[in-house]
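Trainee: Sequence:
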Amino acid sequence: MLYNKECTPKYSYYRMIRFKIIITFLLITIGFKSMYAQSNGNDNLQLLVEKSYEDLSEAFLSYQSKNNTSLSLTYANAFLLKGKNENNTIKKAEGYYMLASLFTKTSRYERAIVYSDSIIAITKDENDYNYPAKAHLLKASILGSQSNFQESMNELAEANKYANANENVDQQYQIKYFIASLKNNLGENQESLKIFKSVVNYYETKYKEDKKYENEYIKSLYAYGLAFNTLEIYDSVQRINDKAIRLSLKTKDSSYYDRLLLSSAAVHYNKEEYQSSLDSIKKSQKLNADKKIDPRAKTRINFFLGRILYKQKKIDSSLNYLLKVDSLAFENDFFFPSIRENYELLIQYYKNKKDTEQQLFYINRLLVVDSILDKDVKYLSRQINEEYSKPNLILERQQIIESLEKKNIYKIIIVVAIFSILIILIIIRNNKKQNIYKKRFQELLDSKNAKTTSFAKEQEVKNSSEKQPKDIGISEMIVNDILKNLEKFEENNDFLQSNISVASLSKRFKTNSKYLSKVINIHKNKSFSNYVNELRINYVVEELKVNTKFRRYTIRAIANEIGFNTTEAFSKSFYKTTGIYPSFFMKQLEKQETSN
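Position 403, counted from 1, in the sequence shown is what the UniProt record's numbering calls 403; the numbers after and before it change by one each time, with no gaps.
Each statement offered as a hint is correct.
Pair by pair, the computed Cβ-Cβ distance ranges are:
#: 1; residue 1: E110; residue 2: K311; range: 36 to 42 Å
#: 2; residue 1: F361; residue 2: N44; range: 54 to 60 Å
#: 3; residue 1: V169; residue 2: K250; range: 22 to 28 Å
#: 4; residue 1: K484; residue 2: S529; range: 19 to 25 Å
#: 5; residue 1: D333; residue 2: E273; range: 30 to 36 Å
Subject to a maximum C-alpha distance of 30 Å in a straight line, what follows is the list of computed DSSO-like cross-link-like pairs (lysine-lysine):
#: 6; residue 1: K572; residue 2: K526
#: 7; residue 1: K176; residue 2: K206
#: 8; residue 1: K219; residue 2: K271
#: 9; residue 1: K524; residue 2: K545
#: 10; residue 1: K212; residue 2: K283
#: 11; residue 1: K298; residue 2: K314
#: 12; residue 1: K176; residue 2: K124
#: 13; residue 1: K313; residue 2: K353
#: 14; residue 1: K194; residue 2: K375
#: 15; residue 1: K587; residue 2: K576
Hint data in this document are derived by calculation from the structure and do not stem from the laboratory.
All C-beta atoms, glycine included, are put in the ideal place defined by N, C-alpha and C.
All chains should be modelled from the sequences, with the hints used to inform the complete structure.
Mentor: Here you go:
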């Protein structure tokens with residue numbers, strides 16, 4: 001057997017000792033390096049603390065816009081440390097807010113909420129203009145993005161309370177933005193659109209005054225477009241998206257560009273432009289190739305891809321994306337109203353495959369999703385009213401009352417005066433009208449025919465001035481024959497027939513309707529319908545004068561009796577001929593009869 005030096009106990013012992021020495025040396029070296037790094041880091045932080053709050057804030061925002069998380073974190077910590085060293089509560093809150101917004105942007109929501117809670121804890125009794133409302137708003141945004149609508153609404157209610165108390169208009173419009181978003185999810189689309197429009201107008205004005213409102217303006221445009229998309233007004237969506245995209249590409253922080261691409265994808269999808277929709281999604285994916293995609297965005301992207309491929313009849317290819325949506329939605333507790341379609345497509349897919357087990361599974365999944373959405377809708381509808389709409393209405397009412405108590409007494413006097421003048425003018429006008437009607441009524445009573453009243457003569461003069469007699473191109477013999485027939489027509493009261501027309505009368509006169517119309521137009525100085533209607537009105541006026549039984553008829557019954565098809569047509573013709581309405585004429589006849 002060969003002798004092996006390494007197998008001897010003495011050699012093994014020395015080798016172990018050497019190994020321990022090496023490990024100890026490495027640990028000491030690492031420890032020193034770690035201590036040096038920590039010391040160096042603390043030294044760097046202490047150096048940064050010497051800078052002004054403004055410089056630290058600008059540096060933080062600059063690095064954040066460049067997605068440099070490491071340096072953003074450093075400057076946020078330096079800002080917070082400076083606030084702590086100076087025991088400045090509001091500056092500490094701003095430092096915590098920097099950290100919370102940074103962790104929100106990088107999808108580390110739990111840490112963002114922890115920092116938001118820290119802000120609320122230290123500022124709730126400070127009576128500050130921005131805090132703690134600003135932290136409640138950030139929490140509401142985070143929780144809402146996670147479909148945790150109940151807690152989001154609670155945070156929004158708290159923010160609303162502080163914003164109204166401090167009369168912080170910026171925060172009030174941020175809350176309006178959230179409320180409009182929630183209403184859009186609840187299906188209250190028109191109301192949502194109305195609120196979003198006011199939010200967009202506000203931020204557009206603020207953006208023109210100060211470019212720091214750029215992100216808020218882009219965000220409001222994006223949401224405004226989504227509201228139009230829900231209402232299927234796609235041209236408006238694309239117009240708003242195009243505007244927002246141009247702004248987004250100009251700014252250093254183009255975080256909304258991805259979302260705008262997805263919004264454009266939705267427009268193309270709804271217009272059945274599936275390839276264009278797919279192109280927008282691929283463009284968004286390409287931009288995010290090197291980024292960690294938020295699970296919610298990933299859910300929506302897969303949702304789009306699955307639906308588009310399904311519509312393009314690439315059913316098997318779409319399945320992978322539809323299943324991913326289901327998985328992501330339940331893993332992240334993220335559900336939105338249109339996600340129902342994902343489950344409807346899965347149910348249809350397995351139904352076509354005759355896979356009843358999977359079909360039943362996704363039917364049950366859809367029922368769960370429906371119950372979650374239904375629960376959120378009911379809660380939000382109630383909470384929006386109780387926690388936002390009602391308090392804001394009460395606040396608005398109080399402000400109006402206070403305003404009226406201080407300076408609106410003159411406005412009330414002016415309104416009352418104008419109202420009184422209007423009432424007086426209406427009374428004068430009505431009295432004048434009544435006098436005119438009474439005069440016309442008396443003329444109708446005194447005259448043997450409605451044609452002889454001053455009103456009728458005025459109308460006759462007006463009509464004759466508009467139409468001058470001229471050669472009508474019909475032989476005198478035919479004209480005379482038509483006129484004789486018309487005379488008999490009037491004597492026999494044939495105009496009372498309800499179905500009388502130019503065609504039926506010309507057939508009875510054995511002439512053509514064109515000749516008859518021309519003769520009536522020239523010799524009677526009116527159209528055929530006006531001629532017949534006037535004969536009926538003249539007849540009914542005389543009948544009402546003498547026939548007390550006829551007066552007891554309703555307006556509708558009288559209209560039918562003399563050939564009118566509707567009460568409205570009768571009333572209009574009566575007024576046109578006599579200058580008063582039949583109801584007034586009959587009431588005056590009754591008054592006269594009673595007085596006699």
